[in-house]
Amino acid sequence: MSQTFQETFSRLWTLDRDVLAIAWLSLRVSLTAVGIGLLLGIPLGALIAVARFPGRGVVVGLLNAFMGLPPVIVGLVLYLLLSRSGPFGALGLLFTPSAMVAAQALLATPLVAALTRQVIADAEAHLGEQLRSLRLSAPRRAGVLIYDARFSLVTAALAAFGRAISEIGAVLVVGGNIDGHTRTMTTAISLETQKGDLSLALALGAVLMALVLAVNAAAAILRGHAVRAYG
Amino acid sequence: MDLFRRSFLTLGLLAALGAASSPVRAEPASIVVASTTSTEQSGLFKHILPLFKAKSGIEVKVVALGTGQALDAARRGDADVVLVHDRPAEEKFVAEGFAKARQDVMYNDFVVIGPKADPAGIKGGSVEEAFRKLAAAKAPFVSRGDRSGTHSAELRSWKEAGVDLASARGDWYRDVGQGMGPALNTASALGAYILADRGTWLSFKNRGDLTILVEGDARLFNPYGVMLVNPDKHPTVKVKEGQAFIDWLVSPEGQAAIADYKIGGEQLFFPSAKKG
Chain F
2 MSQTFQETFS
12 RLWTLDRDVL
22 AIAWLSLRVS
32 LTAVGIGLLL
42 GIPLGALIAV
52 ARFPGRGVVV
62 GLLNAFMGLP
72 PVIVGLVLYL
82 LLSRSGPFGA
92 LGLLFTPSAM
102 VAAQALLATP
112 LVAALTRQVI
122 ADAEAHLGEQ
132 LRSLRLSAPR
142 RAGVLIYDAR
152 FSLVTAALAA
162 FGRAISEIGA
172 VLVVGGNIDG
182 HTRTMTTAIS
192 LETQKGDLSL
202 ALALGAVLMA
212 LVLAVNAAAA
222 ILRGHAVRAY
232 G
Chain Y
11 MDLFRRSFLT
21 LGLLAALGAA
31 SSPVRAEPAS
41 IVVASTTSTE
51 QSGLFKHILP
61 LFKAKSGIEV
71 KVVALGTGQA
81 LDAARRGDAD
91 VVLVHDRPAE
101 EKFVAEGFAK
111 ARQDVMYNDF
121 VVIGPKADPA
131 GIKGGSVEEA
141 FRKLAAAKAP
151 FVSRGDRSGT
161 HSAELRSWKE
171 AGVDLASARG
181 DWYRDVGQGM
191 GPALNTASAL
201 GAYILADRGT
211 WLSFKNRGDL
221 TILVEGDARL
231 FNPYGVMLVN
241 PDKHPTVKVK
251 EGQAFIDWLV
261 SPEGQAAIAD
271 YKIGGEQLFF
281 PSAKKG
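Taken in sequence, the protein lines are chains F and Y. My numbering puts the first residue of the first sequence at 2, with every later residue one more than the last. My numbering puts the first residue of the second sequence at 11, with every later residue one more than the last.
Please keep in mind that the hints were generated in silico from the structure rather than gathered at the bench. For every residue, glycine included, the Cβ atom is placed at its ideal position computed from N, Cα and C. A hint or two may mislead.
DMTMM-like cross-link-like pairs, simulated, lysine to aspartate or glutamate; straight-line CA separation at most 25 Å [stated by the list, open to error]:
1) Y:Lys56 <-> Y:Glu276
2) Y:Lys169 <-> Y:Glu251
3) Y:Lys250 <-> F:Asp19
4) Y:Lys284 <-> Y:Glu101
5) Y:Lys71 <-> F:Asp19
6) Y:Lys272 <-> F:Asp180
7) Y:Lys215 <-> F:Glu8
8) Y:Lys56 <-> F:Glu130
9) Y:Lys63 <-> F:Asp180
FRET-style restraints, in silico, Cβ to Cβ [to be verified]:
10) F:Leu70 <-> Y:Pro245: 29 to 37 Å
11) Y:Ala199 <-> F:Ala230: 31 to 39 Å
12) Y:Asp185 <-> F:His226: 50 to 58 Å
Construct all of the structure, not just a fragment, from the sequences and the given hints.
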C-alpha cells in the first residue's frame with residue numbers, strides 16, 4: 002500500500018505530454034459542456050422559478066430528480082441516437098469529443114436548471130413584491146432576478162463542472178476511450194486501474210483533483226473580485 | 011460591462027470555440043477499429059499503430075470492448091474494422107453478411123492463473139483436468155462474464171471438462187462482467203483462479219500472489235481474426251483506409267511489427283497470417 006503511494010509521487014514528476022493532452026481534453030470537453038449547460042439551464046431554471054402554470058410542481062420535481070440522471074444511461078441513450086444505425090448516425094459524431102460534450106451537457110443542464118430555479122425562487126421571495134408592482138413579464142422578471150443572483154449562480158456552474166469532469170459512464174460509452182482522441186482523465190484512470198497499474202492511476206487521479214481545485218480556485222477569485230467591484 | 015459578465019462571455023465564447031473547433035479542424039484520414047480489451051490493455055496497439063501511421067498517414071482509432079460487444083458495434087456500423095478473438099462468433103459475423111471475409115492475423119494463448127499455493131492442485135496438468143478439479147474443489151474462480159473471447163474460451167473449457175456450470179456454479183464462481191484487467195484485479199484480491207490471455211497477464215502489474223499454473227495446452231490456443239465491415243451493409247465504412255490497415259497487418263511488415271512487441275523480453279503475440 003505505502004509502496005503504491007510512494008510510486009505515485011515519483012510518477013507525478015514524470016508525467017509526460019500524453020497526460021497533459023488528456024487533461025486538456027478533459028478540461029475542454031467539460032468546460033464546453035458546462036458552458037452549454039449554463040446557456041440552457043439558467044434561463045430554463047429562472048423561467049420555471051418565476052412562471053406560474055398548471056403542473057409546475059411536477060415540473061420542479063422532475064427537474065430536481067434529473068439532477069440525479071445516471072451518466073451511464075445518458076451515455077447509452079446518446080450512443081443509440083448517435084450510432085450509425087441510430088437516427089443521428091449520419092452526423093458521424095459517435096466516438097468523437099463532440100459526442101462527449103453532448104453527453105456532459107445533457108448531465109449539466111438539468112443540474113444548472115434545478116440549482117438556478119432554487120436560487121431564483123429564493124431571490125424572488127426577497128424582491129417579489131417590488132417586481133410584481135412593476136408588472137414585468139415573466140421573462141423580464143427572470144432576467145432581473147438572474148442579474149440579481151448572478152454571484153450565487155457561480156455555485157451552480159461549479160457544481161455542473163464537478164459533475165461533468167468527474168463522470169465516466171457517459172464519456173466512456175459515447176467517446177470510446179480512444180487513445181489520443183477521446184481518452185479523458187476519468188477513462189484513463191479507469192484504464193490504468195484495469196491494467197493493474199495502480200500507482201499510475203493514482204497519479205492521474207491526483208492530476209484530476211488538481212485540475213478541479215484549480216478551476217474552483219479560479220472561480221472563487223473571479224467571484225471575489227466581481228463582488229468587491231460590483232456587488 | 012462588468013467583470014463578471016465579461017468573464018462569463020469569455021467563457022461562453024471559449025466554449026463555443028472549443029465545440030466548433032473539434033469537428034471542423036481538418037483531421038487526417040482515420041478509421042475506427044473495434045477490438046478487444048486484451049489487444050489494447052496489453053499495449054500491442056500502442057506499439058504497432060504509430061508504425062502504420064508513419065507508413066500510410068492513416069490514423070487508427072481503437073475502441074476496446076469485449077469481442078461480443080465489438081462485433082455488435084460493427085453490426086451497427088460504428089466501426090470500419092474489427093480485430094477480435096472468438097472464431098465461432100467471427101464466422102457467424104461473416105455468415106450474417108456483416109463482413110465479406112475473415113483473415114488470420116496472430117495468436118497468443120490463454121493461461122490458467124491461480125494462487126501460488128494452488129489449493130486445488132491443478133499445476134502442470136491439462137486444461138481439462140484443471141477445470142474438473144476446480145469445479146470439484148469449488149475453488150474460488152473469477153469469470154469475465156462479458157461475452158468476450160476469453161469468456162467464450164472459459165465456457166468451452168468447462169464444457170470440455172464435463173462440468174455443467176448451470177448446476178455446479180455457486181458462491182465459488184464469481185461472474186464479474188468486466189474486462190480482463192478488472193477480472194485479474196478481482197482474482198488477485200480474492201486469491202482466485204482465472205483464465206486469462208497471456209498478453210494481458212504479462213502486462214498486468216497488480217499480480218499479488220497469482221501465478222501461471224497451466225499453460226501450453228493446445229486447447230489454450232487463442233487466434234485473432236481481422237475483418238472489414240461490409241460496405242453493402244453500412245455505406246459509411248471507410249473501405250480504402252480499412253482495407254489498407256488490414257493489408258498492412260497481414261503484410262510481412264505488419265507481421266514483423268506484431269512479433270516485435272515484447273514485454274520483459276517475452277513475445278506476446280505470434281503472427282499467423284497466411285502467406286498470400
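Go through the numbered hints given earlier and state which of them the structure violates, listing their numbers in rising order.
2, 3, 8 and 11
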